[in-house]
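Chains as they are written, first to last, in this note's numbering: chain R, 1 to 299; chain D, 1 to 233; chain Z, 1 to 222.
Among the clues, some could well be false.
Stated by the list, open to error - List time: in silico SDA-like cross-link candidates among lysine to any residue, alpha-carbon distance up to 25 Å:
| no. | chain 1 | residue 1 | chain 2 | residue 2 |
| --- | --- | --- | --- | --- |
| 1 | R | K184 | D | A69 |
| 2 | R | K282 | Z | H15 |
| 3 | R | K139 | R | F167 |
These are computed hints drawn from the structure, not numbers from a lab.
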Amino acid sequence: MSRALTVAAVAAAAAMALTACSSSSNNPLGGSGGSGGSGRVTIGSANFPENVLLASIYSQALQAKGIKVDEKFNIGSREVLYGQIKDGSLAILPEYNGALLAYLDPKSTAATSDDVNAALAKELPGSLEILNSAPAEDKDSLTVSKAIADKDDLKSIADLAPFAGQFTIGGQPEFKSRREQQFKDVYGLDFKEWKPTADTTANAIKDGTLQVGDVFTTDPRIVSLGLVSLDDPKNVFGAQNVTPLVNKSKVNDTETGVLNAVSAKLDTAGLTALMKRVSVDKDDPSAVAKDWVKSNGLG
Amino acid sequence: MGAAGIGGGTVNLYSWLSQFFGDPDRRHGPDSIVHRVGEHLLFSGEALGWALLLAVPLGLLLGYTGKAAGLVTALSGAARALPTLGLVTLAVLLAGVGDTAVLVPLVALAAPVLLVAACEGVRSTDPDLRDAARGIGLTHRQVLWQVCIPWALPALLAGLRTAAVQVIATATVASYVGLGGLGSYVVGGLATRDFAQTIGGALLVVLLAVATQLLFALLIRYALPAGLRRARD
Amino acid sequence: MGDEPLVRWHWIGTHLGYLRDLLLDHAVISLLPVLFGLLMALPLGLLCVRFPRLYQPLAAVFNVIYALPALAVFVVLIPYTGLATQATVMTPLTCYALAVLLPTTVDGLRSVPEPVRQAATALGYGPWRRLAAVELPTAVPYLVAGLRVAAVSSISLASVGALVGRGGLGYLFMDGFQRTFPTPIVAGIVLVTALALVTDAVLLLARRLLAPWARRESVVGR
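Use the sequences and the hints to build the structure in full.
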């Protein structure tokens with residue numbers, strides 16, 4: 001048996017060696033970023049359309065200045081991507097300052113944009129930094145169907161207290177591990193069940209699989225499916241400004257300047273309008289991003 | 001990676017697994033192993049049931065008449081190529097989150113395998129045997145039931161085994177759209193970079209698949225009609 | 001889903017180049033692993049025929065590997081092979097292909113009738129020449145049957161790689177799903193299936209050329 005295992009291990013190693021060879025010769029996207037100032041950067045994005053759109057905007061703005069960009073979009077969640085930018089495989093990541101802080105320091109109480117960014121500057125390791133935040137914000141929100149909101153007279157997350165024990169809550173798969181404790185501590189909510197409904201969360205609220213779900217405030221389905229986002233008076237979700245996270249050794253001053261110029265022009269209404277083009281009109285994120293870059297004089 | 005990486009991996013693997021199986025969430029409630037295994041088996045079984053119901057009668061009939069056997073093979077080849085992830089996502093968009101969205105792709109996965117197994121199994125019946133059965137006055141229906149189906153049973157069971165293992169392994173993908181089962185651990189762990197969960201979930205899927213294979217190996221050995229076993233020995 | 005049509009033909013018309021790029025990427029990441037699998041299955045298969053005691057445990061190991069959910073393997077590989085790289089997707093696909101091809105290779109090599117083998121030896125064929133001129137050709141129908149299964153499932157499985165950033169046409173499934181946009185999903189399903197059918201046809205043609213005597217449709221059960 002042990003001999004068989006050895007053979008299998010050798011075979012597996014051979015397989016890896018083979019595929020590794022092939023990937024370096026066949027894969028135009030294989031290189032993981034250049035060194036800082038080489039004029040070539042790798043941009044990543046998380047796996048939801050708005051983050052892809054933001055990464056596209058960064059990408060188009062940089063390309064407009066003649067900088068070469070490798071795009072690795074629509075991949076996993078922050079937990080996966082953070083490790084990749086820390087080790088330099090990614091140079092730039094569109095982030096949300098509050099969510100990033102909650103990831104790095106779950107106990108942080110910072111809620112305003114300035115407080116959050118100051119706290120982030122302290123929490124980030126030396127290799128990473130955040131650039132200027134955009135005014136644009138996309139917050140998580142606990143969202144319910146209009147029927148439930150009317151029936152139980154729900155306006156804010158605090159109103160959920162009498163019902164949480166009977167309510168099933170859903171969101172991205174990482175939602176539970178990120179937020180369960182916070183909802184218990186801050187609002188005293190202990191939900192009946194947590195379902196990882198991922199991108200179907202809004203639909204699951206609509207069809208009654210969930211009573212509560214985590215839906216982004218810029219999600220066009222809040223309007224189209226008739227959902228209600230509850231207020232968050234105790235700021236569990238905090239500020240969520242769109243903010244570029246970069247690996248310092250992988251970007252130079254020109255690139256930093258371009259990204260800061262993008263942040264200066266990007267606001268919530270503008271982002272929601274762009275999101276409508278992507279999610280409702282089904283335009284490509286890259287095309288929408290290119291238009292935005294041009295019309296804002298960045299191209 | 002090299003030797004250090006692999007060595008570290010085994011240490012991690014052990015601590016991951018003990019972390020996964022030691023978590024109290026794994027013992028009680030909706031995220032417990034028992035509950036997730038139950039969900040996984042339920043929709044795998046449901047999918048297999050539908051596939052059996054749809055594919056086997058058709059396969060037996062086509063195999064017996066010998067008509068369209070080439071077509072069956074070609075069609076089921078095409079069906080086998082249908083990407084599960086594509087079918088799951090499309091089914092969710094069209095039918096909403098629910099049982100249908102998991103069942104459609106899994107049935108599409110299992111049905112072609114069973115169709116071919118049933119068709120080929122019956123078709124491979126010894127022609128002399130069929131002639132002899134007709135010769136002693138059995139009707140077509142009787143020949144199918146008393147000769148061809150018992151003859152096709154081993155092929156059918158082998159097909160069922162393949163289909164079951166594939167369905168159990170593939171049902172993991174269903175959790176990408178939030179539909180529970182053991183894939184919840186895999187997808188949840190993926191999203192949170194909680195490898196303990198991913199590995200634990202993957203291990204459970206493998207155990208389930210291996211157990212299924214063993215179960216069918218036993219079935220194939222002991223469930224065959226005695227006469228057939230003797231005939232084949 | 002409201003009044004969103006199943007297929008927006010206009011989108012397909014304006015994305016032909018994009019679809020072609022994804023199709024090519026898909027073909028590479030799904031079919032190269034089958035080739036690697038074959039290249040490894042042949043020597044391993046020979047070893048198993050020479051040392052029969054090796055075969056059972058080896059087959060068991062690959063049976064377990066075959067049951068590993070692709071998604072989990074992809075994720076675990078990211079720290080080693082990188083995010084969104086071909087290696088991350090192709091490594092497990094190679095193992096799956098090998099898991100299918102090893103048993104068919106062994107069956108194929110064992111299918112040489114003993115008298116034929118002895119006749120070749122009697123004609124003065126050394127082991128290598130006998131392998132090239134007698135054993136491998138005899139095994140071709142088995143190999144092709146295994147390759148057909150391996151290729152089709154590899155093509156179908158590669159789309160799962162989209163969840164870790166490199167899945168060729170699989171990206172269309174995620175994109176369409178996230179934007180409640182069925183058109184890319186339908187396009188992806190059609191193209192994946194078409195790629196599988198074309199590959200299958202090529203393999204059948206190869207068998208006809210390499211082993212014209214083999215008429216039987218299926219040699220292996222799965």
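Going down the list of hints, with the structure as the test:
1. R:K184 - D:A69: Cα-Cα ~62 Å, so violated.
2. R:K282 - Z:H15: holds, 12 Å
3. R:K139 - R:F167: Since the Cα atoms of K139 of chain R and F167 of chain R sit roughly 22 Å apart, the hinted pair holds (cutoff 25 Å).
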